[in-house]
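Chemist: Listed below, chain by chain, are the residues.
Protein chains: 2
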Amino acid sequence: MTISPRRIAILAEGSFSLLDAKTASGVIRYSPHETVAVIDSTKAGRTVQDVLGFGGAIPVVSGIAEALERKPEVLLIGIAPMGGQFPSTWRKIITYALDSGLEIWNGLHAFMSDDEEFSRHAAAAGTRIWDVRKPPANLSCGEARALKARAFIVLAIGSDCNVGKMTTCLELQKCARERGYKAAFVATGQTGILIAGDGTPLDAIPGDFMSGEVERLVMQCDAEGADVIFVEGQGAVLHPGFGAVTLGLLLGAMPDSFVLVHQPTRTNHRPDCDVEIPPLSHVIDVYEHLMTWYKAPKVAAIALNTHDLSSNDSQRAVEDVKQSTGLPVTDPVRAGVEPIFAALEPLIKLKRGL
Amino acid sequence: MTISPRRIAILAEGSFSLLDAKTASGVIRYSPHETVAVIDSTKAGRTVQDVLGFGGAIPVVSGIAEALERKPEVLLIGIAPMGGQFPSTWRKIITYALDSGLEIWNGLHAFMSDDEEFSRHAAAAGTRIWDVRKPPANLSCGEARALKARAFIVLAIGSDCNVGKMTTCLELQKCARERGYKAAFVATGQTGILIAGDGTPLDAIPGDFMSGEVERLVMQCDAEGADVIFVEGQGAVLHPGFGAVTLGLLLGAMPDSFVLVHQPTRTNHRPDCDVEIPPLSHVIDVYEHLMTWYKAPKVAAIALNTHDLSSNDSQRAVEDVKQSTGLPVTDPVRAGVEPIFAALEPLIKLKRGL
Chain L
1 MTISPRRIAI
11 LAEGSFSLLD
21 AKTASGVIRY
31 SPHETVAVID
41 STKAGRTVQD
51 VLGFGGAIPV
61 VSGIAEALER
71 KPEVLLIGIA
81 PMGGQFPSTW
91 RKIITYALDS
101 GLEIWNGLHA
111 FMSDDEEFSR
121 HAAAAGTRIW
131 DVRKPPANLS
141 CGEARALKAR
151 AFIVLAIGSD
161 CNVGKMTTCL
171 ELQKCARERG
181 YKAAFVATGQ
191 TGILIAGDGT
201 PLDAIPGDFM
211 SGEVERLVMQ
221 CDAEGADVIF
231 VEGQGAVLHP
241 GFGAVTLGLL
251 LGAMPDSFVL
261 VHQPTRTNHR
271 PDCDVEIPPL
281 SHVIDVYEHL
291 MTWYKAPKVA
301 AIALNTHDLS
311 SNDSQRAVED
321 VKQSTGLPVT
331 DPVRAGVEPI
341 FAALEPLIKL
351 KRGL
Chain P
355 MTISPRRIAI
365 LAEGSFSLLD
375 AKTASGVIRY
385 SPHETVAVID
395 STKAGRTVQD
405 VLGFGGAIPV
415 VSGIAEALER
425 KPEVLLIGIA
435 PMGGQFPSTW
445 RKIITYALDS
455 GLEIWNGLHA
465 FMSDDEEFSR
475 HAAAAGTRIW
485 DVRKPPANLS
495 CGEARALKAR
505 AFIVLAIGSD
515 CNVGKMTTCL
525 ELQKCARERG
535 YKAAFVATGQ
545 TGILIAGDGT
555 PLDAIPGDFM
565 SGEVERLVMQ
575 CDAEGADVIF
585 VEGQGAVLHP
595 GFGAVTLGLL
605 LGAMPDSFVL
615 VHQPTRTNHR
625 PDCDVEIPPL
635 SHVIDVYEHL
645 MTWYKAPKVA
655 AIALNTHDLS
665 SNDSQRAVED
675 VKQSTGLPVT
685 DPVRAGVEPI
695 FAALEPLIKL
705 KRGL
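Those sequence lines, one after another, are chains L and P. Residue 354 is where the first sequence ends in the numbering used here, and the numbering goes up by one at each step. Residue 708 is where the second sequence ends in the numbering used here, and the numbering goes up by one at each step.
One or more of the hints may lead you astray.
To be verified - Okay, the calculated beta carbon distance ranges per label pair:
#1 Ser371/P x His289/L: 36 to 44 Å
#2 Asp667/P x Glu288/L: 35 to 43 Å
#3 His463/P x Glu117/L: 28 to 36 Å
#4 Pro359/P x Lys92/L: 50 to 58 Å
#5 Leu354/L x Glu630/P: 28 to 36 Å
#6 His289/L x Glu630/P: 17 to 25 Å
#7 His643/P x Pro87/L: 42 to 50 Å
#8 Pro136/L x Thr619/P: 34 to 42 Å
#9 Phe465/P x Lys174/L: 40 to 48 Å
#10 Ala650/P x Ala342/L: 35 to 43 Å
#11 Pro271/L x Gly480/P: 42 to 50 Å
#12 His643/P x Lys174/L: 31 to 39 Å
#13 Asn268/L x Arg533/P: 52 to 60 Å
#14 His289/L x His463/P: 29 to 37 Å
Hints were generated in silico from the structure; no laboratory data involved. For glycine and all other residues, C-beta sits at the position ideal for the given N, C-alpha and C.
Generate the whole structure from the sequences, applying the supplied hints.
Modeler: Rendered as structure tokens:
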């Protein structure tokens, strides 16, 4: 899936930070679009670089009027309001943006295209509201079609949810492209979809159709001639809340290889779960054993999320996991994904006959 | 969950048979309600016994007017119309039933309470429409709470979908009750919900909430003091379309034991799937291995669905599977579930301190 680059303003009022604005920071870092402004009156006057530590001179502005001076084509809503409802101040910003002809890209669970006021303004201005989490109309069941894909399929799996699977996939896609491979990314969460311009919001899809949705997207990338497809994982197979979604991904994607993403400092499943994360060896064993009936994918390498460790501790954690698993290990953000791609590359070449 | 018995008329126009009317036959066989008439003009004048081979003298009648002579309180819609829409003849039957004060119980994907005409008639008559497949409003995520249940939890799992898990559970519940145990049944599909009067329509629940729904129902039965809870399984863990739903059940129910349901004549996953069902030994291994991090449930016994075999072949199949697995095996419908319950009973007693 390709999407033509657009000029984007991001609404992050009151919560523009690395911690609170995962979607905003993901889009700024990885999307093909140009972020021209971030709206957060509490941080106005600073740059994105000041706030996030990356992103350069993109200005943080006080409101929609100031953002419009930078000529955006899109207003992207990346943060969740408290309580799930749109506060009245947001209503003003969104209708103003629509009246100015901007598209609205909305990653929230609450659909803006269903809002009578918003849809009226969108129609009047001849623009559109894209609710990223709205499931497609025609869902179908999985049929293991991805077993027949000619592309090499890599699924990012995790020891827990919210651990860095999307980032790992996007870094791997970048790395593969730099090395001349036709590399696709299948987005399965709202941030990934906003970045890629396509995908499926798995957390909004009824269980019967999850693997079918993943299969559809994988086979679409395959038909477009991808050498390698990186599929964004969700949850963790033994997560008491989200394991089902993970298995939907396994059966839909039918991966050739896994990349396991893990945060060494985490002991319990998120959020606030009274359930321990199993040892890494057990996690690997469960994923690999589960899929032996199909392609019998192995964990090819491990992406370690060490953002909360010192540089020394991060390196020690990487060494420890290398030792205990015998697999290539790296922190994709701190040290790059090259060791992971190096483990995948011969397998990609083999399947593609390169 | 208990529900007071009601007098039910079943709408099965044009399709009342064991093959086409799974819901109708399930309700007639297992629900605490009294079926007073089945509407199917193509079979009017016969009895349910004539058509299904069980059900006694319940008349099959030509239309709603004739059904009303039998004083039903409920009209149950158990069959799917072609194309998913309600044909106009059905509209007449349903509005007539509503006008006569009957409740409508609807197991279809299409919600009747959302239909303007139906809801108007229901309101005017002071009755209600129960859309069994409508998800509850407040869904929550699974948190492995069922690990703390005091009841013994049995999950019916399958080598494929649509193989007899509900029937096995209902027969086991009956058997346990006859032996003096407080036995609950957690329904997870529309027929089971119509029979039990409660449950969760798992195929309509977004993936993130499936295990949470199962957990909620299991803990409700546990709080009501059940000795043993039989949880209706769905799909099969390696089914390319429905495996995710199955894992949602595993993680939500946190079973103490599995009962595996299998149809020996089936080679490929249903419906029309180009994927072979793994050998039984592999199926057992995958289910047991997957859950070792939690309670490490084992397959205690096997329910064999041999409805499409001769009596001799059925007995041979039972013997074969006994030999190859070393487990108790029976066809619950042809030979009863006693061998399965005998395998579970000591485990139930142990957990309950009986």
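Chemist: Does each hint fit the structure? Answer for all of them.
Modeler: Now the hints, each set against the structure:
1. Distance hint for Ser371/P and His289/L: a CB-CB separation of about 42 Å, consistent with the stated range 36 to 44 Å.
2. At roughly 37 Å, the beta-carbon separation of Asp667/P and Glu288/L lies within the given 35 to 43 Å, and the hint holds.
3. Checked against the given bound of 28 to 36 Å, the beta carbons of His463/P and Glu117/L, roughly 31 Å apart, stay inside it.
4. At roughly 56 Å, the beta carbons of Pro359/P and Lys92/L sit within the given window of 50 to 58 Å.
5. The beta-carbon spacing between Leu354/L and Glu630/P, approximately 31 Å, falls within the hinted interval of 28 to 36 Å.
6. Remark: the range hint 17 to 25 Å for His289/L to Glu630/P is upheld by a beta-carbon distance near 18 Å.
7. At about 48 Å, the beta-carbon gap between His643/P and Pro87/L stays in the expected band of 42 to 50 Å.
8. Range check, Pro136/L to Thr619/P: Cβ separation about 36 Å, and the 34 to 42 Å hint holds.
9. Checked against the hint of 40 to 48 Å, the pair Phe465/P and Lys174/L passes, with Cβ atoms roughly 45 Å apart.
10. Range check, Ala650/P to Ala342/L: about 37 Å between beta-carbon atoms, so the 35 to 43 Å window is met.
11. The hinted window of 42 to 50 Å between Pro271/L and Gly480/P holds, with their beta carbons roughly 44 Å apart.
12. Roughly 36 Å separates the CB atoms of His643/P and Lys174/L, a value that falls within the hinted 31 to 39 Å.
13. For the hinted restraint 52 to 60 Å between Asn268/L and Arg533/P, the CB-CB distance of approximately 40 Å leaves it violated.
14. One distance hint, 29 to 37 Å for the beta-carbon pair His289/L and His463/P, holds here, with the actual separation near 35 Å.
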